[in-house]
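Undergrad: Here are the chains, one letter per residue:
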Amino acid sequence: MIGENSVVEALTHWLVDDMGAGQRIDSVETLSGGYSQMMMAFTLHGEHGADRLVLRANRPAGESVTSTDRALEWAVIESLSRRGEVSLPTPRWFDDGTALGVPCFVVDRVDGATVSRAYPGLDIDTRAAVSEKLCDLMAAIHSTPLDALPAELDRPIDWDLHIDSLIDKWRQVERNGLEPDPFVRHLANWLQAHKPAPAPMTLVHGEINNDNLLLGSDGDLSAVDWEFAHIGDPREDIGWYRTVSEGAVPPDLLADDIEGFCARYRAVTGLGADIINPAAIGYFGLLATVGVYSTLVGGPAAVEASPAAPVLAAYMSAVLSRTHLILLRAMRDLDAALPSATVHNSQKG
Amino acid sequence: MLTRPSIPAVLTLLGRAVAQPDVHEGNDLILTAQLLAMTARRAELEPGYIESEVRAYRAVGEAVVAEGHGDTVAIRAALDELDSHLSSGSVAAQDFRAYSLASEVLCLAIDATRGATGPATEATAAALALREEHQAQIVGDFTVAGR
Chain A
1 MIGENSVVEA LTHWLVDDMG AGQRIDSVET LSGGYSQMMM AFTLHGEHGA
51 DRLVLRANRP AGESVTSTDR ALEWAVIESL SRRGEVSLPT PRWFDDGTAL
101 GVPCFVVDRV DGATVSRAYP GLDIDTRAAV SEKLCDLMAA IHSTPLDALP
151 AELDRPIDWD LHIDSLIDKW RQVERNGLEP DPFVRHLANW LQAHKPAPAP
201 MTLVHGEINN DNLLLGSDGD LSAVDWEFAH IGDPREDIGW YRTVSEGAVP
251 PDLLADDIEG FCARYRAVTG LGADIINPAA IGYFGLLATV GVYSTLVGGP
301 AAVEASPAAP VLAAYMSAVL SRTHLILLRA MRDLDAALPS ATVHNSQKG
Chain B
1 MLTRPSIPAV LTLLGRAVAQ PDVHEGNDLI LTAQLLAMTA RRAELEPGYI
51 ESEVRAYRAV GEAVVAEGHG DTVAIRAALD ELDSHLSSGS VAAQDFRAYS
101 LASEVLCLAI DATRGATGPA TEATAAALAL REEHQAQIVG DFTVAGR
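Protein chains in written order, with this note's numbering: chain A, 1 to 349; chain B, 1 to 147.
Bear in mind the hints are in silico, worked out from the structure with no lab data behind them.
Keep in mind that the hints are not guaranteed to be accurate.
Unchecked claim - One side only, chain B facing chain A, incomplete, derived with CB under 8 Å:
id: 1; residue: T32
id: 2; residue: Q34
id: 3; residue: I138
Stated by the list, open to error - Among the chain B residues that face chain A by a calculated CB cut under 10 Å, a handful are:
id: 4; residue: M38
id: 5; residue: L45
id: 6; residue: L86
Owing to the predicted nature of the structure, the values given are computational and were not obtained by experimental measurement.
All residues carry an ideal CB built from backbone N, CA and C; glycine is no exception.
Let the hints inform the model, and build the full structure from the sequences given.
TA: Encoded structure:
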């Protein structure tokens, strides 16, 4: 763990001594919610006043729970910031590990709160407005021209292959579990057989949830934590948002009027109702759940490996059982709305 | 139905957790209470469910092979492994190894009957429904603790 005092020292050396970006640094504060990366707010004082900023850095080896590339994340947010179409904190400086010993970057701190925290205090009209802003933010992300993005981002060559690779993650999860899981095998086959109409490949944020959406004091809605950004199907973001909002990070801002969301999103992006509709979004909600599910399946293994495992590990195994039932119900709900294989992919699997 | 982690492993972990001096300071007691309720249901229902599901999945495997769906060689091999295990004298009602082998038979049957119709396909769907029904009984009123 990197302490706040050592961060002040390292940041001062980097930003004040080397970069000449200011005169002193103080008010360092560790931010909660950044489970995968280290996040600290701090103030940089200069000749013309003080800037409130956020440091985002890799956790030291042994403390990290995900392995993503800060340099690539930086490249993505820098390219988006340059275009100015997607609302996100302005990126300031990147360091490859020389300054803090781990790759890191600094962005402006948004004056506001996450949607998770802000939403309960909003009135009905403001809530509706935030839902529309979420639609517009997603549409803006997904409308980014691919040639404006860093060349290092993988470009899937084919929609079907991309979706197949996501379905294959479900199969891998099933194979790696402690016991064979017919429900997951069934889900993978179902996903293979019920692919919706293909969408154009776009930038995908990869982790849009209410903790990664900041509602500024000026009313602007911005997206943070771009570590899972990739090029894929735009409905990955929408489906994942809905799935995670129903469970881990409520509320689902789209739940009250999903048809309205789809209509607005279609109007902004120009995509048709064959691509953007509630059933297709539901499909991607199932597809994208594999990330969380992969984490949950680690629970049973941890419990059997050690009686000193955290209670949360055992709890995850119970959540897994409940998740099965939710997935099965969702498949049944979508069965009628999504035609099976013969329409689009003719049992390629 | 998920039979792992085993009931003894869960109870050992929970027993250790509630003996910790700071157990009242976090959410662990809430989670433990929920887990104990679910584990009690598992202890009561799991043996009977295992026995009936092993029997059902085995019948599904035989039906899929008989109708010639999918990779019948692999399904036959999985059935033989299950039969060999069952003939070794283990008690099916408490046999997690048998449940695992039978579940693999069902997995192969699901793959084999994909896009097919007929009695074996219907039997596969029925076995999956049986598994879901049992799992729902065990999950009961368990809900994810709010954040």
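Undergrad: Look at each hint and say if it fits the structure.
TA: Now for the hints, and whether the structure bears them out:
1. T32: At about 6 Å, which falls below the 8 Å cut-off, the nearest Cβ of chain A leaves the hint on T32 of chain B intact, so it holds.
2. Q34: This interface hint holds because 7 Å falls under the 8 Å limit.
3. I138: holds, 7 Å
4. M38: Interface hint status for M38 of chain B: holds (5 Å vs cutoff 10 Å).
5. L45: Violated, about 12 Å.
6. L86: Not OK, violated: L86 of chain B not within 10 Å of chain A, min 16 Å.
When held up to the earlier numbered hints, the structure conflicts with 5, 6 and fits the remainder.
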